[in-house]
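**Q** Chains as they are written, first to last, in the working numbering: chain A, 899 to 1497; chain B, 37 to 161; chain C, 759 to 921.
No lab work stands behind these hints: they were computed from the structure.
Note that this is a predicted model, so its numbers are computed, not measured.
There's no promise every hint is true.
What the hints assert, rightly or not - Chain A residues, not near chain B, derived (Cβ > 12 Å throughout): (1) Thr905; (2) Leu1074; (3) Lys1372; (4) Val1459; (5) Thr1478.
Said to hold, decoys possible - Some chain A residues close to chain C (C-beta under 8 Å, calculated; not the full set): (6) Gly1126; (7) Lys1129; (8) Thr1261.
We put the beta carbon where it would ideally sit given N, CA and C, even for glycine.
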Amino acid sequence: MAVSTNTILICAGGACISAGEKSVKQVLEEKLREYALDGVVRVVETGCMGACDLGPIVAVFPEGVYYQKVNAENVKKIVEEHILKGRVVEEMLFEGPQGKITEEVHEEHPFFKKQVKIATRNLGIIDPMNIDEYIARDGYFALIKTLTQMSPEEVIETVKKSGLRGRGGAGFPTGLKWELTRKSPADKKFVVCNADEGDPGAFMDRSILEGDPHTVLEAMTIAGYAIGGQKGYVYVRAEYPLAIERLRNAIKQAREYGFLGENILGTDFSFDIEIRIGAGAFVCGEETALMNSIEGKRGQPNVKPPYPAQKGLWGYPTLINNVETFANIPPIIIKGADWFASIGTETSKGTKVFALAGKVKNTGIVEVPMGITLRELIYDIGGGVPNGKKLKAIQTGGPSGGCIPAEYLDTPVDYESLKKLGAIMGSGGMIVMDEDTCMVDVAKFFLQFTVDESCGKCVPCREGTKRMLEILEKITSGEGEEEDIEKLEELGQTIIDSSLCGLGQTAPNPVLSTLKYFKDEYEAHVKEKICPAKVCKSLIRYVIDPDKCVGCTACARVCPVNAISGEVRKIHNIDPEICTRCGSCIEVCRFGAISKVSP
Amino acid sequence: MSKVKSLEDLMKIKEQALKELQMRDSKKKGKIVVAMGTCGIAAGAKDTLRAIVEALDKNHIVDVAVVQSGCMGLCEVEPTVEVRMEGQDPIIYGHVTPEQAERIVKQHVIEGKVVSDLVVRKGEV
Amino acid sequence: MVKVDLDKVKEIVEKVKQETLEEGDILINTLHAIQDYYNNFVPPEAAEEVAKLLNIPVSRVYEVLSFYSMFSIKPRGKYVIRVCKSLPCHVTGGREVMEALKNKLGIEIGETTADGMFTLETTSCLGLCGVAPVIMINDQSFGNLTPEKIDEIIERFRGDENA
Chain A
899 MAVSTNTILI CAGGACISAG EKSVKQVLEE KLREYALDGV VRVVETGCMG
949 ACDLGPIVAV FPEGVYYQKV NAENVKKIVE EHILKGRVVE EMLFEGPQGK
999 ITEEVHEEHP FFKKQVKIAT RNLGIIDPMN IDEYIARDGY FALIKTLTQM
1049 SPEEVIETVK KSGLRGRGGA GFPTGLKWEL TRKSPADKKF VVCNADEGDP
1099 GAFMDRSILE GDPHTVLEAM TIAGYAIGGQ KGYVYVRAEY PLAIERLRNA
1149 IKQAREYGFL GENILGTDFS FDIEIRIGAG AFVCGEETAL MNSIEGKRGQ
1199 PNVKPPYPAQ KGLWGYPTLI NNVETFANIP PIIIKGADWF ASIGTETSKG
1249 TKVFALAGKV KNTGIVEVPM GITLRELIYD IGGGVPNGKK LKAIQTGGPS
1299 GGCIPAEYLD TPVDYESLKK LGAIMGSGGM IVMDEDTCMV DVAKFFLQFT
1349 VDESCGKCVP CREGTKRMLE ILEKITSGEG EEEDIEKLEE LGQTIIDSSL
1399 CGLGQTAPNP VLSTLKYFKD EYEAHVKEKI CPAKVCKSLI RYVIDPDKCV
1449 GCTACARVCP VNAISGEVRK IHNIDPEICT RCGSCIEVCR FGAISKVSP
Chain B
37 MSKVKSLEDL MKIKEQALKE LQMRDSKKKG KIVVAMGTCG IAAGAKDTLR
87 AIVEALDKNH IVDVAVVQSG CMGLCEVEPT VEVRMEGQDP IIYGHVTPEQ
137 AERIVKQHVI EGKVVSDLVV RKGEV
Chain C
759 MVKVDLDKVK EIVEKVKQET LEEGDILINT LHAIQDYYNN FVPPEAAEEV
809 AKLLNIPVSR VYEVLSFYSM FSIKPRGKYV IRVCKSLPCH VTGGREVMEA
859 LKNKLGIEIG ETTADGMFTL ETTSCLGLCG VAPVIMINDQ SFGNLTPEKI
909 DEIIERFRGD ENA
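Taking the hints into account, I'd like the entire structure generated from these sequences.
**A** Written out as structure tokens, the structure reads:
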């Protein structure tokens, strides 16, 4: 194999590709072949180099010279001058004659700014398969502290004082839940970790289980001590096989070290944990349904009260918290309630982990102090909306949550503020939507989810959500009538009031919140039969601009249903009767001649 | 492994593990951490890991440990790889394909030069 | 028809029983283990044996098998491909990935290829939204998918099978 003397990097970030990187790469490779350099110079595509307005960017290594605004024409110069003759092409240099992007440009990805890591403190830092690394980061010190220096009441008092609230959705005060479970008289009590993370777009619990499984085990054991429990279950969804594997390994190690089992740390406290695996039922995230599933039954919810704290697994008092809630416990025990309570807002203490997804530049898991604004979250950390599009709305809380329109970007993120806007904190999924999103379509999408996942036990949820979905389908297919909007509102409220569990009680939220903020969009669908975002297939047409069409036939060739007619070098035409709105033609047209219109 | 019975036992494990985590006293002069959450694996982290091990092998580097970790949160740039060389700030690289992994081993581990175009983060977390 | 080896079922149940904390807490874990062993489905005879060994009515086992979407009492392909149909995947090209899979395999959702290799199903969020769109093939996840990558992945599975 020939030794590469040079490596040429081409930025293949989204922005550079849209600025023409592909053809630059082609020309570059052709040129290299022409000079028989293709064996010695390697062309490598990289991720975004972060200077998108000057793209496409090409860098030549080992010299580390960066060129900007490279196109199919001037890339030849890089080969002929720089590679062949070793002369830097001065006029194309990136940012001044030094031509080097300083390391500072990349030093700190803005993604990491403003984050405060408590629940995710160990993610990506420790080896999750190695208990020693967890211990190196103060793991199991909180357990030692509780077992040797604190009474169960003191532990509960600390959690209460910290102000920690449930991170799974509803935001119930964690300490109070612990206290209620402790005070329920019984000779047997359980601790359950709800790791049945099912909200579309939320994946912090998976990340914690995969990256730091011991923190959950430690916290559950502390909780067991506090409530007077003996056994614990982690209920993980079957869709997370890696999390299950790491957790299994962690349980084994914790038993070997004596953090689980009989007489933990030589005290008379004994506690053990096992994993229970779900089987693809979203409703099992609801606590009573989850407990039925552990008991080996259908995962259907029960009427509350009695609450799990009174009568849970097999009728015994049971404490259920979710993964992220538990992950906050060890730091609270070690650093104290006051430290935790000093972070966040008046009523929402500490941090919240969000999963950023959708039309946002940096997708992933972020942990921020409560009270940070949506703007900071989406723009400063998330990097904003890509491709120069405008932000339209933010969906929080998954199928139980709502859409927050762009004008509320300065709302602080806490339980109460989000609720006021008709959304919820939920488990922390945050889906960013840009101007190309149709809000009726989004509402339909979430409702479809609920219809699929409704367990069928109670009528309002089973039948009501289905009827709502039918109305939405009617609206998006252009058959909507004016009273449909009213019907949606009424039906939604009825489902909220009369459903058995949290799934049904929150299912109408995506519809009601989009109705609240984007009613005009619904009305456009119903009255004018227009989809303003040009998404709903029945309400849009594809048209060819006669001024731009050159008659290249590319669109006609790609059309799967032969809806496009026209001769070579003559203007083409799309027959709306045949067209299936698949969009293939738009993608192949190099002249931007095809567009969507509504109606 | 004997069971942990006291704070002293735990402190001992911590001190030993901390050394390993920071690599002091260990025989290795560097450590490469590959984020192996499901997101990383789904984005190709296993191939990246293999490429790193092969590149180290090929260049006869034995004093750099390769270990795995969880997802550090920035799934957008998966696969991610952290390089910790003795006496230097740790560097996190993003979008590390097997080709890039080879470059990182060559340029950063062998030549000691940071591969600046791939850097996502520099410094201790 | 798959022949069910009752001794094997017993062995699986005994093994899962080691994870028991409380009586009656291992039915679902057991069914997962049985399903893994029989290539993605639970044969009715095996389900009956599980009921006997766990001392519960067969109806209890059946109600669980029919409730959870991941269980099947009909044979499925050796590889179950689960396509995420949640919003983050949907907006990043999930539809195209789904179409590519259908075309490549020549089957619709819920169907199994004639050679018994692949079953196509949908799933709710797999929690890998950062690398959307994603699919899962048995226990393995694949992210940042495009129709081209689908082609590659399916070919690789077929190749491994023939190798």
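**Q** The structure should be examined with respect to each hint, and the outcome stated for every one.
**A** Verification of the supplied hints:
1. Thr905: violated, 7 Å
2. Leu1074: holds, 30 Å
3. Lys1372: holds, 37 Å
4. Val1459: holds, 34 Å
5. Thr1478: holds, 31 Å
6. Gly1126: Cβ of A:Gly1126 sits 16 Å from chain C, so the hint is violated.
7. Lys1129: Cβ of A:Lys1129 sits 5 Å from chain C, so the hint holds.
8. Thr1261: holds, 5 Å
The structure fails hints 1 and 6 (numbered hints given earlier, in ascending order).
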